[in-house]
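Colleague: Residues -37 to -1, 1 to 472, numbered by mature numbering (1 follows the signal peptide of the UniProt record, and there is no 0), are exactly what the sequence shown covers, in order.
Honestly, I wouldn't trust all of these hints.
[To be verified] Only pairs whose alpha carbons sit at most 27 angstroms apart, straight line, appear in this in silico DSS-like list of lysine-lysine: (1) Lys468 - Lys448; (2) Lys378 - Lys333; (3) Lys378 - Lys452; (4) Lys423 - Lys443; (5) Lys414 - Lys369; (6) Lys362 - Lys319.
[Stated by the list, open to error] Label pairs and their in silico Cβ distance ranges: (7) Gly264 - Lys99: 49 to 59 angstroms; (8) Tyr118 - Gly235: 26 to 36 angstroms; (9) Val357 - Pro146: 23 to 33 angstroms.
None of these hints come from the bench; they were simulated from the model. From the three backbone atoms N, C-alpha and C, an ideal C-beta is built for every residue, glycine too.
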Amino acid sequence: MTAQKNWRKKFSSLLATGTAALIAVTGLVAVPVAAQAAPMAVETATFDWGVKTSFREYISGTIAGGTVTPLGNTDSTLNGAIFRWTGGVGNASAAGDTADLNFTGDNGVRFVGHHGVLDVSITNPRIEVTSASTAKLYVDADGLNYNNENHGQPYSYDGVYVADMTLTAPVIVDGVITWTNAPATLVNSPEALNVFAGFYGGGVELDPITFSTGPSKDTAPIETTPTVTTQPKALTVPAGTAAVFTAEASGQPAPTVQWQADTGKGWTNISGATSKKYTVSKVRASASVAKYRAIFTNTAGEAKSGTARLTVAANATTTTVAFTPTTFGYNVAKTAKVTVKSARGSLVPAGSVAMKINGATYKAKLTGGKASIKLTKPANAGSRAVSVAYTSNVPAEFKNSTGSTKVKITKVAPKVTATFAKSRVTKKQNATVKVTVSVPGTLKAKASKVKVQVFDGSKKIKSATLNSQGKVNVKLPKLKAGSHKIKVKVVGNSNLKSKYSSVRKLTVK
């Protein structure tokens, strides 16, 4: 603070000294004029002011990221919406058409934002009531220039004329004069505008002012009906998440709050919803028809907030499919695990899934967001793409989604058996080999149309093709007399490996 901060005390002291000297020299004594009532002395004045709501909210919001801090013995009420100065001194006429009230001691409020680049302190307010309907507000202001060529340079104003006030008739009780919610507008001067960092122009409305010549400690505050200061906003939230409505109000005494909901059957109180924030947990699609509002009540009356509608948006989902392991043999009945999760919130998606692999489609219903799908048809060997599609049974709550993976299906070795209709024949007879080929696994795949070859030792003597059941009777050519070692080879294909049967002995006479 500069030395100018003491101008009021110095002026009062000089005035008293000069008056005493004049009386001593001249012998004159000041006598009250009968037509004028002497102003009453004030020693416990109060001054309630929120400064400017938008400025407070800007400082404490996400952009400035700052703080609003009372200084000295200044108190804040209504969650920082009102600052109260007490112990003001001065004088006032009995009718309240003139007054001069000073609040000293460097008590006030400090606004700091943008990591200290924006820094404003408002202290030591003074109210001058100039008529029954007008008054002026003066303050001391210190800070850093924010929006001019002297950006970042400190400034200090003492008793700057900052606002014009419009007064209504005060309430006078037991000699205590109280003016309530007097509108105030910003003075259009460089100093006054700089007090608010150049954010506002002259004539802009500031927060209304309530001030009093000083109630005793036992005097009850003036009652005022609630005024909604923060309206609840319409919300759109994904299904399964929380919707948080906020509403605030001022008033004296501090109002209580009761949230209400209207789901199409009229407004009803919500049990337990009695704070400034009301949370709807795990919203469902049915909540989209709901409207909400807050009712603020005190002994002076009530106020209703505006109506805020809740809209529930469909939640995005993710769908995954997995086989364990990802490599398995042809004709094996593996099981896929399908999982569907919501992107946000705790609700579990419901509905059905359809999985495709190698041209076959499998369907299943979700239970707890999961499904197990067992293969019932053999998929051809090779690298196979697996896709799965989720279909929500409540589209208003969950969006459809898809997922995919790849598996490797390997060829398997078939089981080959070869038997003779007769293991002894003459050289004039044709021996017959009965060939049966089966595919391992549980999916009932058949070695249909698979080629087989018959060998006499290392010499191929006959070829054939299995029927749809994986069987064939092969008539051999006439062989020379003697002992022959006969075996059958399954010729491998895209799903089966090549495989030989055991050697069978054939005797030819």
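Colleague: All hints, please: hold or fail.
Modeller: Going down the list of hints, with the structure as the test:
no.	hint	verdict
1	Lys468 - Lys448	5 angstroms, holds
2	Lys378 - Lys333	37 angstroms, violated
3	Lys378 - Lys452	11 angstroms, holds
4	Lys423 - Lys443	15 angstroms, holds
5	Lys414 - Lys369	30 angstroms, violated
6	Lys362 - Lys319	20 angstroms, holds
7	Gly264 - Lys99: 49 to 59 angstroms	31 angstroms, violated
8	Tyr118 - Gly235: 26 to 36 angstroms	50 angstroms, violated
9	Val357 - Pro146: 23 to 33 angstroms	52 angstroms, violated
Going through the hint list in order, the structure does not satisfy hints 2, 5, 7, 8, 9.
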